[in-house]
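Numbering (this note's numbering), first residue to last: 31 to 252.
One or more hints might be untrue.
[To be verified] Ranges between beta-carbon positions, derived for each pair:
(1) Ser91 x Lys224: 20 to 28 Å
(2) Ile117 x Gly205: 42 to 50 Å
(3) Thr90 x Arg175: 21 to 29 Å
(4) Ala225 x Pro194: 26 to 34 Å
(5) Arg93 x Phe195: 17 to 25 Å
(6) Trp135 x Pro171: 20 to 28 Å
(7) Trp63 x Gly146: 23 to 31 Å
[Claimed, not checked] Derived DSBU-like pairs: lysine-lysine, alpha-carbon spacing no greater than 30 Å straight-line:
(8) Lys134 x Lys224
(9) Lys134 x Lys124
(10) Lys124 x Lys224
(11) Lys235 x Lys224
FYI, nobody ran anything at the bench for these hints, they're computed from the structure.
These numbers come from a predicted model, not from an experiment.
The beta carbon of each residue, even a glycine, is placed where N, CA and C say it ideally should be.
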Amino acid sequence: MNERTKKWLFRLLLAVTLLLLMAKVFSVRHILWEGSAPVSFERIAQINERLKGRPLWCATSERVRRWLEGEVVSRVTVRWRLPSTVIIVTEAPKFLGVVSSGGKWAAVDDNGRSWGKVPLFATRLPLLMLPCHVSPAQCLPSVERTLSTCLREGLTVRALWVSPFGEVAVYLMEGVWLRLGNPTALSLKVRLGKALRENQLLWTKGVVDLTLPKVISLWSQR
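Working from the sequences, and respecting the hints, build out all of it.
Here it is as structure tokens:
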């Protein structure tokens with residue numbers, strides 16, 4: 031064995047030794063979970079068991095995201111705190127409403143993704159009556175704009191109907207439909223509906239047509 035080969039083997043042995051030492055020193059001993067996503071305790075325990083004792087660089091966002099498949103999590107971020115702590119941040123989806131498709135229920139988030147597993151807190155969300163053959167993502171601008179406007183004016187929406195042409199109508203907790211039409215003057219239409227409610231001019235099973243704010247029509251559903 032010549033001198034050059036000996037030096038090469040020595041450097042290789044030194045690199046392997048350093049790598050093993052780093053893996054031991056920087057192994058995962060503490061795992062902190064943060065964020066708003068409702069991850070089950072069983073899944074947290076499973077992931078903790080998988081990570082503990084491994085080198086820090088084995089804890090990546092992509093790997094943890096795969097392990098969280100099936101949980102109501104929209105985004106996962108993994109950070110390291112030397113020498114041995116992993117911080118996992120999970121964010122819950124921002125749900126807009128609940129849709130019915132084929133006799134099954136699914137929650138829809140602000141990215142247009144449908145979640146087959148509907149969380150319990152999603153039962154307080156409005157029912158979204160979206161047009162057939164149109165993906166939820168295409169209706170998101172109308173849905174978000176209408177819901178945020180109603181929320182700003184203090185109106186609780188129980189259901190929201192969207193036409194294939196982007197026209198909307200909202201069903202209030204009083205059992206009244208407000209037809210808002212297209213997005214033109216949406217804030218004005220919602221304020222008019224709020225004023226009618228505050229002045230007790232709405233009745234159960236009634237429909238208020240606010241598509242043209244200058245001409246307001248009211249009628250009852252049969």
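Quick rundown of the hints versus the structure:
1. For serine 91 paired with lysine 224, a C-beta distance near 44 Å fails the hint of 20 to 28 Å.
2. Between isoleucine 117 and glycine 205, the C-beta spacing of about 47 Å keeps the proposed range 42 to 50 Å intact.
3. Roughly 37 Å separates the CB atoms of threonine 90 and arginine 175, a value that falls outside the hinted 21 to 29 Å.
4. Checked against the hint of 26 to 34 Å, the C-beta distance between alanine 225 and proline 194 comes to roughly 30 Å, which is consistent with it.
5. One distance hint, 17 to 25 Å for the beta-carbon pair arginine 93 and phenylalanine 195, is violated here, with the actual separation near 45 Å.
6. In this structure, tryptophan 135 and proline 171 meet the distance hint of 20 to 28 Å, their C-beta atoms being roughly 23 Å apart.
7. Roughly 24 Å separates the CB atoms of tryptophan 63 and glycine 146, a value that falls within the hinted 23 to 31 Å.
8. With a C-alpha separation of about 33 Å, the suggested pair lysine 134 and lysine 224 falls outside the 30 Å cut-off, and the hint is violated.
9. For a cut-off of 30 Å, the pair hint linking lysine 134 to lysine 124 stands: about 20 Å separates their Cα positions.
10. Distance restraint check for lysine 124 and lysine 224: the Cα-Cα separation of roughly 26 Å lies within the 30 Å cut-off, and the hinted pair is therefore satisfied.
11. The hinted pair formed by lysine 235 and lysine 224 meets the criterion: a straight-line CA distance of about 16 Å does not exceed 30 Å.
Figure legend: structure checked against the earlier numbered hints; hints not met, in rising order: 1, 3, 5, 8.
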